[in-house]
Amino acid sequence: MKDYCIVFGASGVLGSEICKLLANAKIPVVGVYYKNKNAAQHLKLSGKNKIICCDVTNDEELKKLVIKLDPKISLDSIVISIGAWPEYISENENHTINNSIEKIDCYDYAQMFELNTYAILKICKNLVPLLKKNKKAGNIIIIGSLNGHKLIPSPVHFAGSKSALKGVTESLAKELGKYNICVNLICPGILESPHLKIIDKDLRDSYLKHTAYGRFGKPEEIAEVVNWFVEGNTYISGQSIILDGGL
Amino acid sequence: MNIKRLRNKNIFVTGGTGALGQSFCTEFVKNGANVTFSWYKNQKIATNLLGRLKKINPNCHSIFLDITKKQQVKQAVGDLIKLIDRIDILVNNSGISEALPFAFIEENDWEKLMNVNIKGTFLVTSSVLPHMVRQRSGKILNIGSIAGTRMIEAPVHYCTSKAALIGFTQSLSKEVGRYNIQVNCLAPGLLNKGVAEKLPPNKLETYLEQTALGRVGTVEEAARCAAFLISDKNSYMTGSIISMDGGL
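These protein sequence lines map, in sequence, to chains U and R.
Residue 1 is where the first sequence starts when you use the numbering used here, and the numbers rise one by one after that.
Residue 1 is where the second sequence starts when you use the numbering used here, and the numbers rise one by one after that.
So that you can see chain R by itself, here it is in the shape it has in the complex (with noise of 0.2 Å):
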């Protein structure tokens, strides 16, 4: 049964090629919202993901940024809105990951990471939040990892960086509630595409070995349970962390 739970909202999606990215974008569309989706390095496949998502509506956009650049965020955010007149619905997805041991991370490498990871979410929300608190309504959704909520083997600086984004989600969802202002975030496990697809066969057996599901998760149930996180259905729910991890 096709629900669309999501027609007509606006919906920013932060770091959009990427394979969790595109997913969210795709479902998003499919449940009826309008999509904008930002990219940074993956011109081809952002050209692609425009194309598909334009098939099922034309009112889907993509913006080139960076956003670790605090003016180039306020700009794009600013002529999107001008654009699209309003932001319903913003899911902070951008983040990047280096398997790096701890001894081999270096200042250049935790900088980067967390300016992606922590800095970009930051800037990006700062941008976009002025705009919810007029509407008086909004939703944000942080795409977390289990890397910031288990205790697992992860590269230090990336589960660091993923465990900041709960403090991010809890204070800010306090903040921001008397605005109707919804912050949760959404913590997945090993996905089929992704890291999953890197990590060495012995790392991912003991992983499948803990899982009560036996498997990892595909960007598609993640994308399928983002869809009802942001919609209207969700209401009561702020400052929560939803791990989805298949029983590990």
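Bound conformation, chain U alone (with noise of 0.2 Å):
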């Protein structure tokens, strides 16, 4: 039975591009998508590969998913690229990311945590057993962000619901460590997508100007880091890896 990696998240921009590298490097894919079937299916996965929809949000929903999954496959790796932007939560195309704590609604920070944080635990929850049960070493790569680990604006649900994942993470692979599972967090800067435009233009241009490189990242270089934790890593877990071009 070949060892599959399982991408939450695949029809976003950072997540298309990992099952992509993935899928390249003849690691099969399961890409797990939401809302956005038509850029999972642009990711044209083939073969052994296979896109399933899944509210990852849902328990009852994971749970489904693991049923779908467990007699077909022998899972290696889970890398969880979900998460949401502020003006995704309020679907106001007004709001840039530098909104102040003032004008978050607790119902916006809340929905903030239910996709960022929560999500992940339920997805860990539901999904360790099937890593559990291959015996080899695997890897859980959970993909954050820079908030919790440098000071920088940001709003405030947003950085909260993603520094949590540091938290998450140590206390995963701690717990895991004995069944050979390393955990991760991979913490990329500011990345090259759509989504660069809903953040301040005075933001942008302090990361260009603070930022080593003087560039924004790609989010083919951070599938890049992501791909090896799959392909290669045994013995890194419970680390946060900054991927911010020096900031």
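Think of the hints as simulated: they come from the structure by calculation, not from any bench.
Note that beta-carbon positions come from the ideal geometry of N, C-alpha and C, so glycine has one too.
Hints are supplied without guarantee of correctness; some may be wrong.
Unchecked claim - Quick list of the computed label-pair ranges, beta carbon to beta carbon: (1) U:N38 <-> R:K119: 54 to 60 Å; (2) R:P200 <-> U:C53: 27 to 33 Å; (3) U:D205 <-> R:K193: 44 to 50 Å; (4) U:K136 <-> R:K44: 47 to 53 Å; (5) U:L196 <-> R:P200: 53 to 59 Å; (6) U:L208 <-> R:I3: 30 to 36 Å; (7) R:K198 <-> U:A39: 35 to 41 Å; (8) R:K44 <-> U:H195: 54 to 60 Å; (9) U:D205 <-> R:E175: 19 to 25 Å; (10) R:F102 <-> U:D205: 43 to 49 Å; (11) U:K133 <-> R:F102: 28 to 34 Å; (12) R:K193 <-> U:N38: 51 to 57 Å; (13) U:L196 <-> R:P201: 52 to 58 Å.
Build the complex: two chains, separate frames, hints provided.
Here you go:
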């Protein structure tokens, strides 16, 4: 039985790059998407690779996903590249990611944690038994952000929900180490993507000014690192890997 | 799957004859690189290692070098550039340790260790860097230790020197990023060769109890990670400290 990698958030900018790279490296991929079926289909995952729709905030849907996967695959790695931006939560196009605490609705705050933090816990809770079954070394790679690692201006609810992932990663790494499973957090800086335009111009300029490389990252650069963790990591665990061009 | 991530890259590794240094050289050559390593005390190991590397890639070299001597370092790097034309990647791996409690560390112990671990790294880097700046590209990987990042019971002078490498890495990465030069630090925990072999059993047991994976790492694992970190595939990470400790 060939070892699979499951990628949550497969239709996102980063998730889709990760899927493509893994598939190119001949690692069988199951890409999980929710709303953006078109983008997921554009991945053109064929052969052993597949795409599956699942609302990861819904525990019942995740259970069904596990039932679908269970008999067919030997799971080797889980990549979780899901998350929400403030403007997505508020559904207000005029919001930039510089919005202040006074503007943030408590409902938005809860929603942000629901998507950026709780959903990741739900994924791990449901999928870890599959990883444990595979007696070889496994990897869980969570995509976080610089929040919680570097002092950067950011909406509080986004920062809180993303920085919580550092604790999740460290604690999970300790718990799952005995099963030979490594858990790490990949923390990208600002990336060239359609989301770039929602970031306040001053913040973008400041990022470029203070970053050693003087440029934004590219999704494929982050995907390459994720790809290495899936393919080659056997001893790094509980770490936050910062990919910010030297901020 | 053998992916040659470092094909045709010219890599200079300091301290090539230690267990980790040998593993780095071997892994880099397997990945297609032309490796030059420096050695100081172990001529026999250096000769054997070079023989093994040349069997895989004839474009490998070794240099006798005391990295604490400025003129020697300058001369060696200059000669190397003449020989291989360019240095794409520098791996600052030279380092020493001495198992001494703080009360027994004398001034000369402190100076000897700082000379190799810090001054040596500075001298080699400052000789190589101008070439990288002219090339407008380069990668520097400093080999640190969790002794410099975590609160562990280890010799104070060694921990201090490895912590200094973090500042060195972060500050240098800021300064040279504009020239497309990447500077990172790999900080391994206990590995199967080197310090772990000499550790008293009770200390090793404590370490293993506290490590999520319940084992020491291997020099091969560290070398595989290093090979990725210095490859072109790793292009947006700079100033980063990668702790590789099995979840300590």
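Please test the hint of 54 to 60 Å on the beta carbon pair from R:K44 and U:H195. Distance hint for R:K44, U:H195 holds at roughly 57 Å.
Range agreement (Cβ of U:N38 with Cβ of R:K193, hint 51 to 57 Å): 52 Å, holds
Has the hinted range 43 to 49 Å been met by the Cβ atoms of R:F102 and U:D205? 48 Å, holds
Does the beta carbon distance between U:D205 and R:E175 stay inside 19 to 25 Å, or does it fall outside? 21 Å, holds
Return holds or violated for the Cβ distance of U:L208 and R:I3 against the range 30 to 36 Å. Given a distance of about 32 Å, which is inside 30 to 36 Å, the answer is holds.
Between U:N38 and R:K119, is the Cβ distance one that fits in 54 to 60 Å? With Cβ atoms ~58 Å apart, the hint holds.
Cβ separation of U:K136 and R:K44, checked against the hinted range 47 to 53 Å: Because 38 Å falls outside the window, the suggested range is violated.
Falls inside 35 to 41 Å, the C-beta gap from R:K198 to U:A39? 55 Å, violated
Look at the Cβ atoms of U:D205 and R:K193 and judge whether their distance stays inside 44 to 50 Å. Check passed, 48 Å falls within 44 to 50 Å.
Could you say whether the range 53 to 59 Å given as a hint is met by the Cβ separation of U:L196 and R:P200? At roughly 54 Å between Cβ atoms, R:P200 and U:L196 fall inside 53 to 59 Å, so the hint holds.
Do the Cβ positions of U:K133 and R:F102 conform to the proposed distance bound of 28 to 34 Å? 48 Å, violated
Please check whether U:L196 and R:P201 have a Cβ separation lying inside 52 to 58 Å. About 55 Å separates the Cβ atoms of U:L196 and R:P201, which means 52 to 58 Å holds.
Checked against the numbered hints listed earlier, the structure breaks hints 2, 4, 7 and 11; every other hint is satisfied.
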